[in-house]
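Make the complex out of the two chains shown on their own, each in a separate frame, by following the hints.
Residue numbers (our numbering), protein chains in the order written: chain A, 1 to 265; chain X, 1001 to 1275.
Think of the hints as simulated: they come from the structure by calculation, not from any bench. There are no misleading hints in this set.
Simulated restraints, written as ranges between beta carbons of each label pair:
| no. | chain 1 | residue 1 | chain 2 | residue 2 | range |
| --- | --- | --- | --- | --- | --- |
| 1 | A | 117 | X | 1232 | 20 to 28 Å |
| 2 | A | 259 | X | 1169 | 30 to 38 Å |
| 3 | X | 1113 | A | 41 | 49 to 57 Å |
| 4 | X | 1108 | A | 117 | 44 to 52 Å |
| 5 | A | 249 | X | 1169 | 35 to 43 Å |
| 6 | X | 1184 | A | 79 | 15 to 23 Å |
For every residue, glycine included, the Cβ atom is placed at its ideal position computed from N, Cα and C.
This is what each chain is made of:
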Amino acid sequence: MNSPVIEAQDLRVVMRGRCVLDVPHVSIHEGEFVALMGPNGAGKTTFLRALLALQPIAHGSIRVLGQEVHSLPWRPLAQLRQKIGYVPQLQPITGDMPLTVREVASMGRTARAGLFKRLTAEDWRQVDAWLEKLGLQYHAHHAFHELSGGEQRKVLLARALAQEPALLLLDEPTAHLDLGWREQWVQLLQQLHLETRRTFLLICHELEVLPPACQRVLLLRAGRLVADGTVQKVFEGDRLSDLYGEGFEVWHRNGRHGVVPGGAP
Amino acid sequence: MMLSTLDLALWAPVMVGGVLAGASSGALGVYIVGMRIPFLGVCVSHAALAGAVFGALAGLKGTWMLLPALAGAMIAALALGLAKPERFRTDNNTVMNLLFTGSMGLAFLGLGLFPVLGKSDHDVRALLWGSLNYCRWPDVWLMAGVTILLFLFLVLTAKEMRAILFSRTDAAAAGIHVTLVWTTFLILTALVLTVNFQTVGGLMIFSLMTNPAAAAFLLVRGSNRALATAAALGAFSGLAGFLVSAITDLPTGATIVLWSAGVVGVAAWFRSHRR
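Next up, chain X with everything else stripped away, as it sits in the complex (with noise of 0.2 Å):
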């Protein structure tokens, strides 16, 4: 597909969800990258993807696939913001590999289930890349409405987001309600995922949580600052990538990949070139 036969019409929801995904994905970014726990993002998308896989089989197309998609995203979110791995003797990372490889066994086994049960596993193949296709702008108002949502808890708690990410303890210490404020941001992160899902694919999620928020850290100062270049910074990522597909005729999840992959290395050289 060139740009040239673009049709405005049908690929203009497209690009708008491209940009969404981008700003609502760099900001969850900036909180999941600043705490040092990217792997959160993969976890959570490809639970997403497992809860998915199974709705598929289970007959459910569309939106309606969005439901166990965000189950799956919900209990590894949740598991993983709310989990004391130093009660038995371990850390985060050992639990989001668990997470992780626990959710990709359970997708790939219900992908293998597609064609003993003589069924199309095509819908789900396309969540896992990331397809153009999927998006339409009943989509778009839904991740219209989620990135609302999210941007409107991350200024309302602003304050409270800052101090959760410099030390969870120290927040509790200060009278801070911590356990209320994470878990909210827990459940935003699971339904911002799953949404966005239909646009960019599990995979592709990640590298839009953690190379612009990775950019933006380079970049600015300040907790306001960075979300909103990191949310800039992912709503160009995917705007841009999104273009480079069409005039290309790339897959599209792969170019936006590269794209804020190469935001990331530009920051990076301003940075070396600033001091």
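Here chain A stands alone, though its shape is the one from the complex (with noise of 0.2 Å):
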């Protein structure tokens, strides 16, 4: 099996005196596409920003691409999150200034250029690139609070993938969208996945935006690490009443799955 990207050991974030996230160890390996689920306040955000070391934790460790990212002094651990692509989820715009899309998805080369140092033509060449590939190009001048929702994660998917980076975190994508932009989604990341063989990181609630790609699921309870398997294996039996209440059925098929409550006709 290749090299670790991931790897938590005996890992505890503690947030105004209540432990909210014990993971005693769990490794994510290169090219794995990996998704973290569980129910609202389980701690799979809080997971996904003690990788950046946003969060910081109160014990155990936590190896990112091979470095220990808590104990980083500030140089290498920039160096580190260079290396990190982070979709997070999507905030209400909270400011004012109307940023371009392409302005929005530079940022992804920012830290690469160096303080001081304006974007090279090739930094803005891999901007392009992904706004293209993403199907953003007519938008690039647009204001970035101009496009809907949809349209506003992928700028961010494509500020992410300027980075060029080993490991791809992604924070609920999908959340709040509609069916057809849903799907979209998923078929975004099953190509990008095949296509760039990085490891990818998806937080999400639904097992319908799940992509075939991902065959693994980690699954989160009251920050516990309660499963961590297939989708098949994660999901059979009882657990999903176990988490959410009773009728609820899982289906998969072509390497897709769903759900659906269980008493429907």
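What follows is the structure in structure tokens.
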């Protein structure tokens, strides 16, 4: 098996005196597409933030791309973060600045270019290439906040991919999207993983958004890792009922998965 | 004072000062308004006022009053910019309100002490409302220095500031040195506001920070264009406000504020008719 891209050992995160994440061990290997699932408040985003050293940990260690992220001085940590593409949850726009789509996507090249240095022609070529790849070239000079939620998320994905990351972290990229956009995202992630063979860690709530490339699910509940395996294995038996209450059934077909209310006709 | 009596040797530094104050405040405003924290300008300028008041009470005059003003402004800017209010289950607005009212309380407490101590508060009151008499060539050189410093910083860190403006968390996650760039920006903010204090006064700075940036956001897309437009509109407001003041003999600060507010109105009208 390939070397671990992410390896957490005895990981514990404490917030306001409460343990919100307690993971004895988990490792994700190079080229894997892994989904991190679980109910609201299970600790999924906290885990992602801890991977990026945006969230302090109380105990244990996290190694990302072979480096212990929580003991790195600032410069090596910044260099490590440049290798991690991060697509955050889409927040309401908090600023009024009419940043263009191209400017937002170019932020993926900012740290790589270095402080006080301008982006090079190669940086802009990468940015434009990813915008085109994701079908955003016609929006390049539009203001980011003028785009729909689905398009904005694609811009954030373009930003992360422009970093040329070894690891891609996606935090609920399909949340609140309509069926058409959601399916576009599933196909896009499938295609990107096949083409790039990078390591993907996707946080999501719905089985329907897992592309066939996703062969492994980590299931968190109340900060604890309760299952780790294939989608079929993780959601077999009464797992969904345990998590969300009675009356759900899981289906699997052609590498895709879904949930239907069990009592439905 | 009518414009016909204008003595260029006397008023040229005031005009240049107005342009510089408008340009630098307008450029700052792009980031302050862009992050929806325009109240930061009010807090910082009033903290500078509080510093100046106590500096004057201690016997400082003229340019020397900038030192305590700068100290007050920097404390407020750094407190606001680096505070993590979520740790105390509050938010930025509450922290800004606390600092603003605290600064105002201190400033008025200091103002109240002038008659008690038998001192004149003329210099400080001039700071509060802005006074043409404060701007001379040495002041202009100082303003030009900090304006050049600010633009140099904004040009050199344009891409980092853009990322920070979009999301400080995302910028940090991408490996950008957010703390260094943001703290430097806050220090420059305090410096620019304090130095501009003499020309347009504490209350007027707020309008030159907010209005040109708001107008620029209505007119253009893209951070570089917004920065250039806001700086140009700020400079235009500073100069035009002064000229109106000189012609009509109205208070300079008030005319600059009203002019810059008018620019926002025109920009809004232009945008609504462009669509």
